[in-house]
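S.K.: Take a look at the letters that make up each chain.
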Amino acid sequence: MPKEVMRRQAADNEYLHKDFHGAMSCGIQYLQGTYGPEAVIEYLRRFSDAYHSPLKQKLIEQGLPALAEYTRGIYELEGGDIEIDLDDDEMVLRIAECPAVKHMTEHGYRVADMWVETTRTVNERLCEGTPFAFELLEYDERTGRSVQRFYRR
Amino acid sequence: MISCTEFIPAYSELFGYLESRGGKQGVVAYWEYISDNFLGNLRELVEAHGLRGCWEYWSHTLNEEAADFAMELDEEAGEFIIEMHACPSKGLLDRLEHMKPYADYCGHCDILYRRVLEPLGFECLTDMSRIDQARCQLVVRLKPSQE
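Line order of the protein sequences matches chains Z and H.
Numbering-wise, the first sequence is residues 1 to 153 according to our numbering.
Numbering-wise, the second sequence is residues 1 to 147 according to our numbering.
If you're looking for bench data, these hints aren't it; they were derived computationally from the structure.
Keep in mind that a hint or two might mislead.
Cross-link-like lysine-lysine pairs, in silico, DSSO-like; alpha carbons within 30 Å at most [unchecked claim]:
(1) H:Lys-24 - H:Lys-100
(2) H:Lys-100 - Z:Lys-58
(3) H:Lys-143 - Z:Lys-3
The following residues of chain Z were derived to be distant from chain H, with all beta-carbon distances above 10 Å [as the list claims (entries may be wrong)]:
(4) Ala-66
(5) Asp-81
(6) Asp-113
(7) Met-114
(8) Ala-133
(9) Arg-142
From the three backbone atoms N, C-alpha and C, an ideal C-beta is built for every residue, glycine too.
Produce the complete structure using the sequences and hints provided.
M.R.: Okay, here's the thing in structure tokens:
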């Protein structure tokens, strides 16, 4: 059997590795099991503080349209079905099915018990220190279907 | 939902959080946990196909991660090599101006894969001397006693 060689450059492929959802879920479950539920919340807050700091600044300066643009981009990339109702004071997201939950379910990954916190805690923390607040109006644990609301305080 | 395109910063932050709770040992314990609990697909492929299982596993992951790499499989020589020219994960972390990556972010790769492959009769040699340029090398070889 001759030697086989594969060469790729970054531009040859789109960056979309959905198995990372399974790895994220594995991490959330580990945190809960090892350090307790409060560790999941504390970690996700830290993540939001670190990663979303530019987005938080845009939310402060530009308001909800900045968040709508970010959210739309994420769901387009992930192939998720999302409806966004937006005005100056309120943004409601209706997500038919969470793309992450869908991928994990289809590929046999365990969905972490506290998976919903990757939405609730992260978005609540993102809004802290801004003129806006977040509430999770509906969430279906089986599919990740949700209705999410960002609103001016 | 945290998008899969945001996973690497989340992963890096998780390592930092675990270190704050349990020191470096707390991070390594997690790496061992994900190796044992999340890499079943690599384990199954290598159990079924030997070194070719490595080829199949990384053909999938490295393409989806849009890595810049060269990969070689030489079954006669009993060797599989990944030359990572630009690791997408390390590169992404290095480009984030507002976040400080976990200092030993790349350390997880060695532990995760070694822990799967060595019990299956392979040795793993990693060269992390150029990770400051997001470059590294992984060589997987049949252990001499297995040839």
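S.K.: If a hint holds in the structure, say so; if it doesn't, say that too.
M.R.: Here is what the structure says about each hint:
no.: 1; hint: H:Lys-24 - H:Lys-100; in the structure: holds, 17 Å
no.: 2; hint: H:Lys-100 - Z:Lys-58; in the structure: holds, 20 Å
no.: 3; hint: H:Lys-143 - Z:Lys-3; in the structure: holds, 19 Å
no.: 4; hint: Ala-66; in the structure: holds, 16 Å
no.: 5; hint: Asp-81; in the structure: holds, 13 Å
no.: 6; hint: Asp-113; in the structure: holds, 15 Å
no.: 7; hint: Met-114; in the structure: holds, 13 Å
no.: 8; hint: Ala-133; in the structure: holds, 19 Å
no.: 9; hint: Arg-142; in the structure: holds, 15 Å
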